[in-house]
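**Student:** Listed below, chain by chain, are the residues.
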Amino acid sequence: GAVVSQHPSRVICKSGTSVKIECRSLDFQATTMFWYRQFPKKSLMLMATSNEGSKATYEQGVEKDKFLINHASLTLSTLTVTSAHPEDSSFYICSARPPGDYGYTFGSGTRLTVV
Amino acid sequence: AQSVTQLDSQVPVFEEAPVELRCNYSSSVSVYLFWYVQYPNQGLQLLLKYLSGSTLVKGINGFEAEFNKSQTSFHLRKPSVHISDTAEYFCAVSEDYKLSFGAGTTVTVRA
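So the sequences go chain by chain: A and B. Residues in the first sequence are numbered consecutively from 1187, following the working numbering. Residues in the second sequence are numbered consecutively from 30, following the working numbering.
Just so you know, these hints were derived from the structure itself, not from any lab. Any given hint could turn out to be false.
Chain A is faced by these chain B residues, among others (derived, beta-carbon under 8 Å) [as the list claims (entries may be wrong)]:
hint: 1; residue: Val42
hint: 2; residue: Phe43
hint: 3; residue: Tyr61
hint: 4; residue: Asn70
hint: 5; residue: Gln71
hint: 6; residue: Gly72
hint: 7; residue: Leu73
hint: 8; residue: Lys78
hint: 9; residue: Leu80
hint: 10; residue: Gly88
hint: 11; residue: Phe96
hint: 12; residue: Phe119
hint: 13; residue: Tyr126
hint: 14; residue: Lys127
hint: 15; residue: Gly131
hint: 16; residue: Gly133
Capping the alpha-carbon separation at 27 Å, the derived lysine-lysine pairs in DSSO-like fashion look like this [unchecked claim]:
hint: 17; chain 1: A; residue 1: Lys1206; chain 2: A; residue 2: Lys1228
hint: 18; chain 1: A; residue 1: Lys1252; chain 2: A; residue 2: Lys1200
hint: 19; chain 1: A; residue 1: Lys1250; chain 2: A; residue 2: Lys1206
hint: 20; chain 1: A; residue 1: Lys1241; chain 2: A; residue 2: Lys1252
hint: 21; chain 1: B; residue 1: Lys127; chain 2: B; residue 2: Lys78
hint: 22; chain 1: A; residue 1: Lys1228; chain 2: B; residue 2: Lys78
hint: 23; chain 1: B; residue 1: Lys78; chain 2: A; residue 2: Lys1250
hint: 24; chain 1: B; residue 1: Lys87; chain 2: B; residue 2: Lys127
hint: 25; chain 1: A; residue 1: Lys1252; chain 2: A; residue 2: Lys1227
hint: 26; chain 1: B; residue 1: Lys78; chain 2: A; residue 2: Lys1227
hint: 27; chain 1: A; residue 1: Lys1241; chain 2: A; residue 2: Lys1227
hint: 28; chain 1: A; residue 1: Lys1227; chain 2: A; residue 2: Lys1206
hint: 29; chain 1: A; residue 1: Lys1206; chain 2: A; residue 2: Lys1252
hint: 30; chain 1: A; residue 1: Lys1252; chain 2: B; residue 2: Lys127
hint: 31; chain 1: B; residue 1: Lys127; chain 2: A; residue 2: Lys1206
hint: 32; chain 1: A; residue 1: Lys1228; chain 2: A; residue 2: Lys1250
hint: 33; chain 1: B; residue 1: Lys127; chain 2: A; residue 2: Lys1228
hint: 34; chain 1: B; residue 1: Lys98; chain 2: B; residue 2: Lys127
hint: 35; chain 1: B; residue 1: Lys87; chain 2: A; residue 2: Lys1241
hint: 36; chain 1: A; residue 1: Lys1227; chain 2: B; residue 2: Lys127
hint: 37; chain 1: B; residue 1: Lys98; chain 2: B; residue 2: Lys87
hint: 38; chain 1: B; residue 1: Lys78; chain 2: B; residue 2: Lys98
Source: prediction; values computed, not measured. Here a beta-carbon is modelled for each residue, glycine too, at the ideal position from N, C-alpha and C.
Same shape as in the complex, but just chain A:
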């Protein structure tokens, strides 16, 4: 079946630094990928839709300059958390929808801790 790989699974960084999270579709091409944020004991909140070769579409209230998204190829989207602060600590998950499939495949998530 369709597989989405996400790296790293865990990252700890210092306040003020930037962190990049990668999301790869391993066995299919994804023109669109989705980035979610999940707080402890909470549901998933869609942050942005990543579009291959064009700008990402951000949901209302999500700072595009804080969360930079790049979708440079049909199999890779990256989320960069810039100038990270402790409040950015969260679980970030990406997903993609394989062509011809109405289901969405999710990565394994990245636990970001900003100290």
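Since the structure of chain A is already known, use the hints to place chain B on it.
**Tutor:** For chain B alone, coordinates are given in the frame of chain A:
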């Protein structure tokens, strides 16, 4: 715009007992419906989905769900749970290729 309501935040259940997780949605158009499971510190795994056709949908790990259009519900059931079914379960609705999730239901299976 769609919204998803999971009526139970926590469901404790004994091993080998049945379980039902309730999900209601609101949408002005036809939607696709999904149930996902999340184990601690992991991503989401698709249990089953409803796109069209038969209202009874069978998924992986013995789960099934029934789509009820008149009641705008998509409840998830399993006739006999295992300890390994302990996890977080999310109901989701797709509209315009975006997924909206319910708040989640924590299922805890006890021996």
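**Student:** Each hint: holds or not?
**Tutor:** Right, here's what the structure says about each hint:
1. Taking 8 Å as the C-beta cut-off, the interface hint given for Val42/B is violated, the closest approach to chain A being about 19 Å.
2. This hint is violated: Phe43/B has a C-beta 23 Å from the nearest C-beta of chain A, more than the 8 Å allowed.
3. Checking Tyr61/B against chain A by beta carbon gives a least distance of about 5 Å; that is within 8 Å, so the hint holds.
4. A distance limit of 8 Å between C-beta atoms decides the matter here; for Asn70/B the minimum to chain A is near 6 Å, and the interface restraint holds.
5. Restraint check, Gln71/B versus chain A: the minimum CB separation of about 6 Å is within 8 Å; hint holds.
6. Given the 8 Å rule on beta carbons, the hint for Gly72/B holds: about 4 Å separates it from the nearest Cβ of chain A.
7. Contact between Leu73/B and chain A, as hinted, is supported at the beta carbon level, the nearest pair being about 4 Å apart and thus within 8 Å.
8. Given hint, Lys78/B at the interface with chain A, holds; its Cβ is 5 Å from that chain's nearest Cβ, closer than 8 Å.
9. A least Cβ separation of about 5 Å between Leu80/B and chain A falls short of the 8 Å threshold, and the interface hint therefore holds.
10. Taken as an interface hint, Gly88/B does not check out: its beta carbon lies about 11 Å from the nearest beta carbon of chain A, beyond 8 Å.
11. For Phe96/B, the shortest C-beta to C-beta distance to chain A is roughly 14 Å, which exceeds 8 Å, and the interface hint is violated.
12. Checking Phe119/B against chain A: minimum C-beta separation of about 7 Å stays under 8 Å; hint holds.
13. For the restraint placing Tyr126/B at the interface with chain A, the shortest Cβ-Cβ distance is roughly 7 Å, inside the 8 Å limit, so the hint holds.
14. Given hint, Lys127/B at the interface with chain A, holds; its Cβ is 6 Å from that chain's nearest Cβ, closer than 8 Å.
15. For Gly131/B, the interface hint holds, since its Cβ comes within 8 Å of a Cβ in chain A; the closest pair sits about 6 Å apart.
16. A least Cβ separation of about 5 Å between Gly133/B and chain A falls short of the 8 Å threshold, and the interface hint therefore holds.
17. Using a Cα cut-off of 27 Å, the hinted pair Lys1206/A and Lys1228/A holds, with the two alpha carbons roughly 23 Å apart.
18. Restraint check for Lys1252/A and Lys1200/A: satisfied, since their Cα atoms lie roughly 15 Å apart, inside the 27 Å limit.
19. In summary, the hint linking Lys1250/A to Lys1206/A is supported, as the alpha carbons are separated by about 14 Å, within the 27 Å threshold.
20. For the given pair, Lys1241/A sits about 15 Å from Lys1252/A by alpha-carbon distance, which is consistent with the 27 Å threshold.
21. Simply put, Lys127/B and Lys78/B have alpha-carbon atoms about 15 Å apart, close enough for the 27 Å limit, and the pair holds.
22. The hinted pair formed by Lys1228/A and Lys78/B meets the criterion: a straight-line CA distance of about 22 Å does not exceed 27 Å.
23. Taken as a hint, the Lys78/B and Lys1250/A pair is broken in the structure, with Cα atoms around 32 Å apart against an allowance of 27 Å.
24. Proposed proximity of Lys87/B and Lys127/B is supported: the alpha carbons are some 23 Å apart, at most 27 Å.
25. Among the hinted pairs, Lys1252/A with Lys1227/A is consistent with the structure: their alpha-carbon atoms are about 24 Å apart, no more than 27 Å.
26. Taken as a hint, the Lys78/B and Lys1227/A pair is honoured in the structure, with Cα atoms around 24 Å apart against an allowance of 27 Å.
27. For the given pair, Lys1241/A sits about 31 Å from Lys1227/A by alpha-carbon distance, which is inconsistent with the 27 Å threshold.
28. A threshold of 27 Å between alpha carbons decides the hint, and for Lys1227/A with Lys1206/A the separation of about 24 Å falls inside it, so the pair holds.
29. At roughly 12 Å between alpha-carbon atoms, Lys1206/A and Lys1252/A fall within 27 Å of each other, so this suggested pair holds.
30. Proximity of Lys1252/A to Lys127/B is assessed by CA-CA distance (about 22 Å); at most 27 Å being required, the pair is judged to hold.
31. A hinted pair counts as satisfied when its Cα atoms are at most 27 Å apart, and Lys127/B with Lys1206/A qualifies at roughly 23 Å.
32. Distance restraint check for Lys1228/A and Lys1250/A: the Cα-Cα separation of roughly 22 Å lies within the 27 Å cut-off, and the hinted pair is therefore satisfied.
33. Taking the CA atoms of Lys127/B and Lys1228/A, the gap is near 18 Å; set against the 27 Å cutoff, the hint holds.
34. For the hint pairing Lys98/B with Lys127/B, the CA-to-CA distance comes to about 20 Å; that is within 27 Å, so the pair holds.
35. Note on Lys87/B and Lys1241/A: the hinted pairing is violated, with a Cα-Cα distance of about 38 Å set against a maximum of 27 Å.
36. As the CA atoms of Lys1227/A and Lys127/B are separated by approximately 22 Å, the hinted pair is consistent with the 27 Å bound.
37. Taking the CA atoms of Lys98/B and Lys87/B, the gap is about 17 Å. The hint holds against a cut of 27 Å.
38. At most 27 Å may separate the alpha-carbon atoms for a hinted pair to count; Lys78/B and Lys98/B meet this at roughly 15 Å.
Taken one by one, the earlier hints fail for this structure at numbers 1, 2, 10, 11, 23, 27 and 35, listed in ascending order.
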